[in-house]
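Enquirer: Here's the letter readout for the chains.
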Amino acid sequence: MKSSTIRTFQTVHTWAGLLAGFALFVAFYAGALTVFHHDIAQWQSPPWRSEPARDVSVQTMIDRLLAAHPKAAKDFGIVLAPPGTAQGPYAYWNDGEEHFATADRLDRPTGDEGATRGNLADFVYALHDSLGIPVVGLYLMGIVSVIYGLALISGLLIHLPQLLGDLFALRPGRNLKRLWQDAHNAIGVLSLPFHIIFAVTGALMCLFVPLFAALNLMAFDGKLGDAFAKAISTAPAVQAAGRAAPMLSAEALIERARASALSTGVSAFEPDYVHYDNYGDANALVQVRGVSQRTLGTYGTIALNGATGEVLEQHVGKTQSANALTNSSMYALHFGNFGGRAVQWLYFLLGLAGAFLFYSGNLLWIESRRKRRHSEQPRKTLVMARASLGVCLGSCLGIAAAFAATMIAQRLAIDPAVPQQAACYGVVALAVAYACLRPVARAAVELLAVTAVAHVAVALADLLRNASAWIQPWTPQSLAVLGVDLTGIALGVGFAWLARASWKRALRGDANSVWADASARDGIRVEA
Amino acid sequence: MIARCLAGTVLGFPLSGLLLALCLFWLPGHGQDWLIPVLLLFFPLWVGVMAGSYMFRSGARAWLALGAANGAVFAALWLSRHLAGG
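Heads up: the sequence lines are chains C and U, in that order.
Residues are numbered in this note's numbering as their position in the first sequence, beginning at 1, plus a constant of 9.
Residues are numbered in this note's numbering as their position in the second sequence, beginning at 1, plus a constant of 1.
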């Protein structure tokens, strides 16, 4: 490749990183935690602290929904609670407009999935997919995903000439920039398949609605809608019979769906969503969606008749079409729910490595603009250093603050929704302000130290408040809570290690850098 | 640089969409059974065109070449539909 071409792609890579790096850091850090969505839900509401108002069965939920909103019977769905949690299910219905509500709030539904607000796991998920900003945030993250794709291609092209020779090279030594560059390249190349998955599926999930409208108009003569509906349909078209019939209970239908799914040869079918058309009609159509293992199509659906329980169509495992398999495996590959705990941990580590990739990109940007012979550094590198510290470390600290706020809100018996958001965004804003005001090297050490302490403190406080659970025989639920706390402590130890490394660097590293702490160095004798 | 970037972004979008539509049209049954796998290729294709457009010598060439490619694929799609009696 010509050197001018490589330089062009270097510019593209730099700009892509500047435009998308910060949002991608948040998406990957929050995304790594979201892998354990169900465990975080357990952490917030383990069965031994359950709130009885929310802990309702699926059928009770349906009965209450239809008593409050009879019109919903035509088209509604129940999102099941993660298995084993004390969180209740929540309902979605469409009577011309979309509504969402939990069992205790059926009288005041919301127009978005805000029904689940106050759930810490969902808040972390919202940070991951939209920075927590409704609608606009999702499109923003879609554009970020497209830029991320461009950064992947340009990064690979720049690195291509030395790709094979340098792939496993990690050269510690006096040239720190080369070490960072090696680490950035090694992670970027070795986890490339993982990153390609996220660039493609992330862009699709965020931009699906506008993309679909544009493609339909531009290239498909308005025929894409029907073709798409047919491609993803998981049930036959059934007309309402017009006569009433008693329904089987939701629990019974879910059991039948599970049995039918298992008969296709998949090794599990964990239902997570039930949808009804024409509830109470003799031809009521019920679709039970569930997560299976040992199949490419992790998400499967069984369609049944609500009155007789007769299985109408199976879309599980091998019975799925190429369209359904692609659709289903796209979600599975994004969420990492296809291989149990091992894959979850792999996704968690790769997610953290991804966050490191974007953070190290910013560090390299600063390092390659460093003045090696002056203690005074270019203004733009100082701004970048402050922004990286404030936004990236601020979000790690902000998420820990959201965990703490959830605990405190529960203690005071208030709705955790507002405290979570206030704590998270407030802490990010404070961290950014702090990083702007303090000397850069001090801000780095102090923010890392505070983040480390926050993680360990939240985990220890939670271990203490659940003390009674640890002396009971352990259950999958208590292990999930314990897992979240131990992971918090591990992350805290990691941040403490980074704080110590930054402190050493500030004192003993090259003095001509934004990361050097001039005032502390004056106080002690420093070797070169 | 910015002109090539814009050309790839703006013209790459319809070009990718039209290419996929053409590809689906020529698949058996107009690609109904392969709709989602083919649509999944949209973003890789678009980003590929964006990256590829930096290989043009100038912004004007990028606009011209990608514009012509759009015209050609659109014509091919229109002809295909027309000849197939669609």
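Errors might be hidden in some of the hints.
As the list claims (entries may be wrong) - Which residues of chain C face chain U? A partial, calculated answer using Cβ under 8 Å:
id : residue
1  : T17
2  : L159
3  : A228
4  : F237
5  : A238
6  : M339
7  : Y340
8  : I423
Unchecked claim - Listed below are several chain C residues computed to face chain U (Cβ distance under 7 Å; list not exhaustive):
id : residue
9  : A222
10 : L226
11 : M227
12 : G231
13 : A240
14 : A244
15 : A331
16 : N332
Because the hints were derived from the structure by calculation, they are not lab data.
Each residue gets a CB set at the ideal place from its N, CA and C atoms; glycine is no exception.
Enquirer: For each hint, tell me whether it holds in the structure or not.
Expert: Here is what the structure says about each hint:
no. : hint : in the structure
1   : T17  : holds, 5 Å
2   : L159 : holds, 5 Å
3   : A228 : holds, 4 Å
4   : F237 : holds, 7 Å
5   : A238 : violated, 10 Å
6   : M339 : holds, 7 Å
7   : Y340 : violated, 12 Å
8   : I423 : violated, 43 Å
9   : A222 : violated, 11 Å
10  : L226 : violated, 9 Å
11  : M227 : holds, 5 Å
12  : G231 : violated, 12 Å
13  : A240 : holds, 4 Å
14  : A244 : violated, 17 Å
15  : A331 : holds, 6 Å
16  : N332 : holds, 4 Å
Checked against the numbered hints above, the structure breaks hints 5, 7, 8, 9, 10, 12 and 14 and satisfies the rest.
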